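> Build the full structure now, drawing on both the sequences and the hints.
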Amino acid sequence: MRKLLLQSLAQMSLTEPAPQVDDAALAEVGAALAQTARRRLGRSLSIREVDAGSCNGCELEIHALGNAYYDLERFGLRFVASPRHADVLLVTGPVTKNMRMALERTYDATPNPKWVIAAGDCSRDGGCFAGSYAVVGGVSAVVPVDLHIPGCPPPPLEILRGLLALLQATATAKA
Amino acid sequence: MAGLTELLRKRDMAASHRPWPRVVVTAEVWNETVAALAGGQWQLLGLWGEPDRIHMALRDEADETIGVITLDCPARRYPSVGLHHPPALRLERAARDLFGLEPVGLPDVRGWLDHGNWDVKYPLAATPDPTPIDKTYVFLPIEGDGLHQIPVGPVHAGIIEPGHFRFTANGETVVRLEQRLGYVHKGIDGLMTGATLDAASKLAGRTSGDSTVAYGFAFARAVEAALGVEAPPRGAHLRGLMAELERIANHLGDFGAICNDASFALIQAHCAVLREKVLRASQTAFGHRLMRDRIVPGGVAADIGTDGIGAIRALLTDIKALFPALVELYDNTASLQDRTVTTGTVKAHLVRQYAPGGVIGRASGRAFDVRKNLAYAPYDKLALDMPVLEAGDVNARVWIRIREIEQSLSLIAQLLDDLPPGALRIDLPLATAPCEGMALVEGFRGDILVWLRLDAGDRIARCHLRDPSWFQWPLLEAAIEDNIVADFPLCNKSFNCSYSGHDL
Numbered sequence: 001m002r003k004l005l006l007q008s009l010a011q012m013s014l015t016e017p018a019p020q021v022d023d024a025a026l027a028e029v030g031a032a033l034a035q036t037a038r039r040r041l042g043r044s045l046s047i048r049e050v051d052a053g054s055c056n057g058c059e060l061e062i063h064a065l066g067n068a069y070y071d072l073e074r075f076g077l078r079f080v081a082s083p084r085h086a087d088v089l090l091v092t093g094p095v096t097k098n099m100r101m102a103l104e105r106t107y108d109a110t111p112n113p114k115w116v117i118a119a120g121d122c123s124r125d126g127g128c129f130a131g132s133y134a135v136v137g138g139v140s141a142v143v144p145v146d147l148h149i150p151g152c153p154p155p156p157l158e159i160l161r162g163l164l165a166l167l168q169a170t171a172t173a174k175a
Numbered sequence: 001m002a003g004l005t006e007l008l009r010k011r012d013m014a015a016s017h018r019p020w021p022r023v024v025v026t027a028e029v030w031n032e033t034v035a036a037l038a039g040g041q042w043q044l045l046g047l048w049g050e051p052d053r054i055h056m057a058l059r060d061e062a063d064e065t066i067g068v069i070t071l072d073c074p075a076r077r078y079p080s081v082g083l084h085h086p087p088a089l090r091l092e093r094a095a096r097d098l099f100g101l102e103p104v105g106l107p108d109v110r111g112w113l114d115h116g117n118w119d120v121k122y123p124l125a126a127t128p129d130p131t132p133i134d135k136t137y138v139f140l141p142i143e144g145d146g147l148h149q150i151p152v153g154p155v156h157a158g159i160i161e162p163g164h165f166r167f168t169a170n171g172e173t174v175v176r177l178e179q180r181l182g183y184v185h186k187g188i189d190g191l192m193t194g195a196t197l198d199a200a201s202k203l204a205g206r207t208s209g210d211s212t213v214a215y216g217f218a219f220a221r222a223v224e225a226a227l228g229v230e231a232p233p234r235g236a237h238l239r240g241l242m243a244e245l246e247r248i249a250n251h252l253g254d255f256g257a258i259c260n261d262a263s264f265a266l267i268q269a270h271c272a273v274l275r276e277k278v279l280r281a282s283q284t285a286f287g288h289r290l291m292r293d294r295i296v297p298g299g300v301a302a303d304i305g306t307d308g309i310g311a312i313r314a315l316l317t318d319i320k321a322l323f324p325a326l327v328e329l330y331d332n333t334a335s336l337q338d339r340t341v342t343t344g345t346v347k348a349h350l351v352r353q354y355a356p357g358g359v360i361g362r363a364s365g366r367a368f369d370v371r372k373n374l375a376y377a378p379y380d381k382l383a384l385d386m387p388v389l390e391a392g393d394v395n396a397r398v399w400i401r402i403r404e405i406e407q408s409l410s411l412i413a414q415l416l417d418d419l420p421p422g423a424l425r426i427d428l429p430l431a432t433a434p435c436e437g438m439a440l441v442e443g444f445r446g447d448i449l450v451w452l453r454l455d456a457g458d459r460i461a462r463c464h465l466r467d468p469s470w471f472q473w474p475l476l477e478a479a480i481e482d483n484i485v486a487d488f489p490l491c492n493k494s495f496n497c498s499y500s501g502h503d504l
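Here the protein sequences come in this chain order: E and F.
Quick note on the numbering used here: the first sequence kicks off at 1 and runs consecutively.
Quick note on the numbering used here: the second sequence kicks off at 1 and runs consecutively.
Note that these hints are calculated values from the structure, not bench results.
No experiment lies behind these values; they were computed from the predicted model shown.
Among the clues, some could well be false.
[Said to hold, decoys possible] When the alpha-carbon atoms are kept at most 25 Å apart in a straight line, the in silico SDA-like pairs for lysine to any residue are as follows:
1. F:LYS135 to E:TYR133
2. E:LYS3 to F:ASN332
3. F:LYS320 to E:LEU6
4. F:LYS320 to E:GLN7
5. E:LYS3 to F:ALA325
6. F:LYS202 to E:PRO150
7. F:LYS372 to F:LEU384
8. F:LYS320 to E:GLU16
9. F:LYS320 to E:LEU14
10. F:LYS202 to E:ALA141
11. E:LYS114 to F:GLY153
12. E:LYS3 to F:PHE264
13. F:LYS202 to E:TYR133
14. F:LYS372 to F:GLU64
15. F:LYS202 to E:SER140
16. E:LYS3 to F:ASN260
17. F:LYS202 to F:GLY305
18. E:LYS3 to F:LEU329
19. E:LYS114 to F:ILE159
20. E:LYS3 to F:ASP338
21. F:LYS320 to F:ALA265
22. F:LYS121 to F:VAL138
[As the list claims (entries may be wrong)] Chain F side only, calculated, beta carbon under 7 Å to chain E, not exhaustive:
23. PRO123
24. VAL155
25. ILE159
26. LEU191
27. LYS202
28. SER500
C-beta: ideal position from N, C-alpha, C; glycine also.
Here it is in C-alpha cells:
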C-alpha cells in the first residue's frame with residue numbers, strides 16, 4: 001500500500017482542466033435562475049441523483065465524475081445521500097409510471113431554492129421508451145426542469161459542463 | 001424423465017426455431033418437465049409469455065442440450081412451474097402482470113412488475129383489462145420477539161438504480177430480506193412488438209446500460225439465428241473485443257466498489273482510474289465510451305482504426321502494469337479480508353436449484369460460462385480459462401472478477417493479434433415467413449438470453465430479453481440471511497444485479 005501511495009504522490013495529477021461552459025446551457029440556466037429565489041449558495045452545491053427509470057447508462061457516467069480525471073468535488077460540487085441536503089436534483093431516465101411517485105416525493109423533500117437537471121436523451125421526452133404503457137415521458141412531465149443535458153449517455157465532461165453552467169449562473173444571480 | 005434431447009425429439013417441433021429446437025407440448029409433458037426441474041435434473045433458463053401461450057427455456061447439463069418448450073393456453077391458464085420450482089416464481093408473476101397468464105397453483109398472487117400505476121391491467125394481452133390492479137402490496141408476514149423492519153428505497157442513497165428492500169432484523173442480524181422490484185419497468189417487451197430491427201436493436205442496447213454491448217450482441221445473434229445467417233469473421237472479432245472491454249470495465253468498477261463498501265477507498269480510486277482508461281480506449285476505438293449501438297444485426301456498425309488498435313494495446317499495457325499491485329493489496333489487507341471472507345455466502349444447494357450465471361454461479365462452484373460451454377463466434381476459436389471457486393462468499397466473488405479481468409486481457413490480446421480482414425457486416429435477408437431465433441451471450445453479469453420471432457419482413461413479432469439477474473436477485477435474499485445489516489452493501493455490490501435489465 002505504501003508503494004502505491006508513494007507512487008501517487010510522485011506522479012503528476014490525472015485531473016483534467018475544467019471544461020468551458022456551454023453558452024446555450026448557460027443561457028438556459030441563467031433564465032431559470034433569474035426567476036428563482038436568489039440565495040447565497042457560495043460555490044457549493046449539493047446534488048441528489050435520482051434514477052427515475054434509466055437503463056443505468058447515465059448513472060455510470062455520473063459515477064465517473066468522481067474519478068481522478070474529473071474530480072467533481074474540486075468545484076465544490078458533491079453528491080449527497082438525502083434530498084433534504086440537496087440543492088440540485090440530477091434526474092435520469094424516462095420517468096416510469098412506477099417511479100413517478102418516488103420522484104415527486106424526492107422533489108418535495110428537497111428544500112427551496114432548488115434546481116432540477118435532467119440528464120440523458122430519455123429524460124427530455126422519454127427517448128426510445130416514449131409511448132410505452134409503463135412510461136410517463138420526460139422528467140418535465142413530472143417536475144419542473146431547469147436544465148437538460150443531452151446524450152445517450154452524456155459523457156462526464158458534458159455533465160460537468162452543465163453543472164458548471166449552473167454554478168456560474170448561480171454566482172451571477174447572487175452578484 | 002429421460003434426457004432433454006429425448007423430450008425435444010419426438011414432439012411437435014416449431015419449423016423455424018434456431019439454433020436450438022422449440023417444441024409444443026401437452027399439459028402432461030409440461031408437468032413432467034416441471035417435475036424434472038424440481039428434481040434438479042434440468043435447469044431453467046427462462047420463462048416468458050405470449051397472449052395465448054407460455055414458453056420455457058431449459059438446459060440439460062448432462063449433455064449440454066438447450067431447448068424451449070411451449071404450452072398453448074387459450075384459456076390463459078397453465079400449471080405453475082414456480083409452485084414446485086421456486087426460480088420460476090418471479091418470472092411467472094411477471095408473465096401474469098404482462099399477459100394475464102395465470103400460473104395455476106402459484107401461491108403468490110401479488111403483482112411483480114405491475115405496481116398498480118399503469119392505466120391498464122395485462123397490457124400485452126390480446127385485450128388489456130381497463131381496470132388497473134390494486135396498489136396495495138403486502139410484504140411477507142414476520143412474527144417473533146424483538147424484530148424490527150428497515151425499509152430502504154426505491155430511491156437509494158448512492159448513485160444507483162431504484163428498488164425496494166425490506167429488511168427484518170433482530171438487533172444487527174438480518175433475519176429476512178424481501179426485495180420489491182419493477183420500479184424501472186419501461187415496457188421493453190411491449191415496445192419490441194412491431195418494432196423494426198433497427199429500433200429493436202437500440203431498445204435491446206438500452207435494456208441494461210452497463211451491458212449495452214452484451215445485449216446488442218445477444219439481440220444481433222438471435223436475429224441472425226432466426227434468419228439463418230452469421231456475422232462475418234471481422235465483425236465477430238470486433239464484437240468479442242467490445243464485449244471483453246465491457247467486461248473489464250464493469251469488473252474493475254465492481255472490484256473497486258466492493259472494496260469501497262468495506263471502507264477501503266484506495267483500491268476504488270485506482271480501479272476508477274483504470275476503468276476510465278478502458279472507457280477512453282473504447283471511445284477511441286469504437287467512437288463511444290460504452291460502445292452503445294456498435295453491434296448491429298449482421299455484424300458491427302463501424303470498423304476499428306489503427307489508432308483504436310493502438311489505444312487498446314496501450315490500455316492492455318497500462319492495466320497489466322497497475323492491476324497486479326491492486327490485487328496484491330487486496331490479498332494482503334487483513335482488515336478488508338475480514339469483511340469479505342465468509343460474508344454473504346450463497347449455499348451450494350441454492351446454486352444448483354437457481355443455476356445463476358456469471359460471477360455468482362462461478363464463485364459457488366457452478367462451472368458455466370456461455371463463452372465456454374456453448375461457445376459462439378469469436379470465442380469458439382479463442383483460448384479461455386474459466387475460473388471457478390467453491391466458497392460462494394463475497395471474497396470468492398471478488399477473486400472470480402480478478403481472474404476474469406486477467407482472462408479478458410488475454411482474450412483481447414488474442415483478438416488483436418488475429419484480427420481477420422474482410423467485411424464488417426452482411427446485408428440481412430428479408431424473412432419470407434415468420435421465423436424464430438434464440439441466443440445466449442455471456443455478459444459481465446452472466447448469461448443473457450434473447451428469444452424473438454420475426455414476421456415476414458423485418459419487424460419483430462415478439463422479443464423477450466432475460467437478464468441474468470432474474471436468477472441472482474433471489475439468491476441475494478438468501479445470502480444476506482444471518483449477516484449483519486452493515487454488510488448488506490458489501491453483499492449487494494458483490495452481486496451487482498441489474499434493476500433495469502430485470503425490470504425491463
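> State for each hint whether it applies.
Hint check:
{"no.": "1", "hint": "F:LYS135 to E:TYR133", "in the structure": "16 Å, holds"}
{"no.": "2", "hint": "E:LYS3 to F:ASN332", "in the structure": "13 Å, holds"}
{"no.": "3", "hint": "F:LYS320 to E:LEU6", "in the structure": "19 Å, holds"}
{"no.": "4", "hint": "F:LYS320 to E:GLN7", "in the structure": "16 Å, holds"}
{"no.": "5", "hint": "E:LYS3 to F:ALA325", "in the structure": "9 Å, holds"}
{"no.": "6", "hint": "F:LYS202 to E:PRO150", "in the structure": "17 Å, holds"}
{"no.": "7", "hint": "F:LYS372 to F:LEU384", "in the structure": "7 Å, holds"}
{"no.": "8", "hint": "F:LYS320 to E:GLU16", "in the structure": "24 Å, holds"}
{"no.": "9", "hint": "F:LYS320 to E:LEU14", "in the structure": "19 Å, holds"}
{"no.": "10", "hint": "F:LYS202 to E:ALA141", "in the structure": "24 Å, holds"}
{"no.": "11", "hint": "E:LYS114 to F:GLY153", "in the structure": "22 Å, holds"}
{"no.": "12", "hint": "E:LYS3 to F:PHE264", "in the structure": "16 Å, holds"}
{"no.": "13", "hint": "F:LYS202 to E:TYR133", "in the structure": "19 Å, holds"}
{"no.": "14", "hint": "F:LYS372 to F:GLU64", "in the structure": "11 Å, holds"}
{"no.": "15", "hint": "F:LYS202 to E:SER140", "in the structure": "24 Å, holds"}
{"no.": "16", "hint": "E:LYS3 to F:ASN260", "in the structure": "20 Å, holds"}
{"no.": "17", "hint": "F:LYS202 to F:GLY305", "in the structure": "24 Å, holds"}
{"no.": "18", "hint": "E:LYS3 to F:LEU329", "in the structure": "10 Å, holds"}
{"no.": "19", "hint": "E:LYS114 to F:ILE159", "in the structure": "19 Å, holds"}
{"no.": "20", "hint": "E:LYS3 to F:ASP338", "in the structure": "22 Å, holds"}
{"no.": "21", "hint": "F:LYS320 to F:ALA265", "in the structure": "21 Å, holds"}
{"no.": "22", "hint": "F:LYS121 to F:VAL138", "in the structure": "19 Å, holds"}
{"no.": "23", "hint": "PRO123", "in the structure": "4 Å, holds"}
{"no.": "24", "hint": "VAL155", "in the structure": "5 Å, holds"}
{"no.": "25", "hint": "ILE159", "in the structure": "5 Å, holds"}
{"no.": "26", "hint": "LEU191", "in the structure": "5 Å, holds"}
{"no.": "27", "hint": "LYS202", "in the structure": "6 Å, holds"}
{"no.": "28", "hint": "SER500", "in the structure": "5 Å, holds"}
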